[in-house]
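2 protein chains.
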Amino acid sequence: MERVTVPIPGRSYDVVIGQDVLGRADAFVPDLPGATRAFVIADRTVADAWFVPLCDALARRAVHAVLLTVPAGEAAKTLDVYRTLVHQLATQEAHRDDPVVALGGGSTGDLGGFVASTYMRGTPFVQVPTTLTAQVDAAIGGKTAVNLPEGKNLVGTFHQPVVVISEIGALATLSDREFRSGLAEVAKYALTLDVDLLDELERDPGPVLAREPDALERLVGRCARAKAGCVSEDERDAGKRMVLNYGHTLGHALERIDAFAGRSHGEAIAVGMVFAARLSAALSGPADLPARTTRLLSSLGLETDGPLPSADEIVRAFALDKKFHRGIRFVVLRDVGRPEVADRVGEAEIRRILHEMGAT
Amino acid sequence: MERVTVPIPGRSYDVVIGQDVLGRADAFVPDLPGATRAFVIADRTVADAWFVPLCDALARRAVHAVLLTVPAGEAAKTLDVYRTLVHQLATQEAHRDDPVVALGGGSTGDLGGFVASTYMRGTPFVQVPTTLTAQVDAAIGGKTAVNLPEGKNLVGTFHQPVVVISEIGALATLSDREFRSGLAEVAKYALTLDVDLLDELERDPGPVLAREPDALERLVGRCARAKAGCVSEDERDAGKRMVLNYGHTLGHALERIDAFAGRSHGEAIAVGMVFAARLSAALSGPADLPARTTRLLSSLGLETDGPLPSADEIVRAFALDKKFHRGIRFVVLRDVGRPEVADRVGEAEIRRILHEMGAT
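Just so you know, the sequences run in chain order H and R. For the first sequence, the residue numbers in this note's numbering are 1 to 360. For the second sequence, the residue numbers in this note's numbering are 1 to 360.
For the record, the hints were derived by calculation from the structure and aren't laboratory data. Please note that the accuracy of each hint is not assured.
If several chains are the same, the list does not tell them apart, and a pair holds so long as it fits within one copy or across any two.
As the list claims (entries may be wrong) - Computed list of lysine to any residue pairs in SDA-like fashion (alpha-carbon distance at most 25 Å, straight line):
| hint | residue 1 | residue 2 |
| --- | --- | --- |
| 1 | K152 | T78 |
| 2 | K152 | V315 |
| 3 | K152 | H95 |
| 4 | K240 | E340 |
| 5 | K152 | L68 |
| 6 | K152 | Q92 |
| 7 | K152 | R83 |
| 8 | K152 | V66 |
| 9 | K152 | V81 |
| 10 | K240 | A342 |
| 11 | K240 | G34 |
| 12 | K240 | R11 |
| 13 | K152 | T91 |
| 14 | K240 | D97 |
| 15 | K152 | R263 |
| 16 | K240 | S12 |
| 17 | K152 | S175 |
| 18 | K240 | R329 |
| 19 | K152 | D80 |
| 20 | K240 | D335 |
| 21 | K240 | P33 |
| 22 | K152 | G34 |
| 23 | K152 | P307 |
| 24 | K240 | G10 |
| 25 | K152 | D343 |
| 26 | K152 | H87 |
| 27 | K152 | T36 |
| 28 | K152 | L79 |
Please take these sequences and the hints and turn them into a complete structure.
Put into structure tokens, the structure is as follows:
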């Protein structure tokens with residue numbers, strides 16, 4: 001078992017990572033004075049697999065778990081589903097001391113966090129991420145969100161969980177595609193913040209790809225540590241946390257373009273990291289970074305050479321990014337493990353790289 | 001002009017109170033790097049009276065004001081209106097550096113604050129309260145909210161404004177009923193936190209009732225100072241801020257009971273303060289507190305002897321209060337200016353006082 005502390009003044013919390021930590025949740029959830037019920041948000045599939053052990057664990061703390069099911073994936077992240085959930089909490093007379101628990105992937109966590117942060121102006125929030133993406137990234141750091149028709153994550157809050165319980169056992173049941181999607185975020189940490197991890201993955205990604213529990217526990221622990229470092233220095237996403245957007249500027253633009261809705265988040269940011277690597281090389285980063293990035297991603301099973309939308313569409317999509325303001329801002333690498341922000345990247349340069357990558 | 005600082009670590013802000021401060025808003029809004037537009041939320045009546053001068057003032061800071069109109073009063077505080085507003089922000093591509101401005105009474109402020117705190121995970125928020133209730137109470141302290149069909153303020157956040165601009169000129173145009181409603185909150189501060197103000201109001205409420213601008217400016221300033229003191233010690237409503245609920249436990253219950261929807265917030269808490277005074281006297285407060293409270297409120301034009309719902313209905317409504325948990329909690333006075341929390345008030349005692357006050 002690994003335990004990583006996210007040190008935020010006044011509301012530090014632990015990320016607990018291991019096999020069967022979910023079934024022992026009672027040992028990891030901090031004291032919640034006044035809580036009598038826990039409202040667990042999950043989709044049907046995840047609930048079928050994990051609600052009962054979670055229920056049992058919470059019962060040992062005299063907390064009765066109430067299940068609120070939501071649609072799977074991004075379909076849950078709407079104001080409609082949000083409204084249904086806060087109505088359910090109100091009709092059940094949920095109290096503000098009762099925790100909201102998000103059990104599932106990143107979407108469930110984003111939605112659950114938004115509910116927890118706004119119902120009665122904030123209830124305790126417990127993250128129980130069951131996908132690799134959520135365990136290494138989304139569940140840590142307190143960002144909550146729902147989508148609007150106009151764009152992803154346009155509504156949300158910052159609301160830190162009281163604990164994150166990352167069940168390594170849940171990773172065994174992910175589809176290859178879901179698992180690979182998480183590996184894209186892993187590659188992000190390796191390239192930007194943890195060169196030791198990069199070395200390991202370059203040397204032998206075998207144990208990770210075989211999903212050996214010990215290898216996964218170590219992997220999730222390293223990524224959680226990297227993320228915790230960024231978050232604690234910059235809870236509100238103003239400086240250091242920018243680094244976590246490596247590959248995400250183009251990644252989010254691709255996700256925003258309807259024709260690419262078929263790509264997973266991880267697949268989109270994998271392409272985004274190739275773009276970021278090319279941009280880094282063009283600015284003052286290592287010349288071999290694009291090739292090294294492509295090699296790493298493809299060894300992790302991530303395709304980076306699929307078709308791209310037109311450069312026009314992509315540039316238009318950049319303008320809708322929360323980070324966009326009077327110019328486009330990218331995270332680039334001066335070297336692996338040395339990220340920096342490139343503030344004024346010209347549109348011509350962006351188009352040149354997109355064309356090189358095959359965009360029309 | 002009065003200026004009161006609300007000292008909250010890392011996000012202190014000023015409450016600026018005076019004649020024509022709204023028309024000079026450009027002088028009081030702090031630096032907002034990156035802001036190019038301000039999204040002003042107001043109902044039609046308030047917008048007709050005040051949007052143009054606010055617009056002009058912001059234009060002097062090169063910020064273009066965009067008006068988003070909402071229904072007047074509590075009708076604005078719904079998830080439907082909230083959704084419309086965040087869609088409008090998204091379609092207009094509002095940026096997270098662009099401030100949201102609430103121009104109006106407490107409802108507009110609660111709604112506007114919720115929009116500001118959740119659009120793109122938080123934009124700068126400017127409060128421009130135009131009612132006495134909002135100026136002395138609702139606009140200060142960062143509580144935001146919308147209602148659910150199940151109850152008032154069940155959804156919301158804490159999101160401090162960057163400045164509160166309280167235009168004393170706006171108080172001249174309030175209806176007597178709206179103005180008196182604000183005086184109920186003023187009486188709350190006088191009774192719980194500011195005995196000098198209590199003395200003044202008891203001696204001669206004339207200048208306040210005549211709405212003399214200088215008297216109002218002083219009055220709003222004193223109340224803002226009292227509220228700022230509570231808020232800075234207890235941003236998240238856990239301890240000192242409880243005091244501000246004096247008279248509100250019964251007041252909110254009355255507002256929650258449909259038959260009493262006709263009473264204004266101020267009228268409901270006026271009755272609530274009479275209840276709290278009787279409870280205080282029964283516990284260990286001054287025996288003359290109920291009579292003194294009734295005298296003060298009636299000198300301010302507030303009726304306290306109208307019909308009440310049944311004690312059964314009231315006790316049921318208490319159970320839905322955010323502050324209710326395994327018992328009912330009341331703020332009482334050991335003496336004027338000396339509030340304390342009474343934690344375990346028995347239901348029999350509550351019913352006895354309600355019956356004394358005329359409830360069946």
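Original post:
What hints, given by number in increasing order, does this structure fail?
Top reply: none
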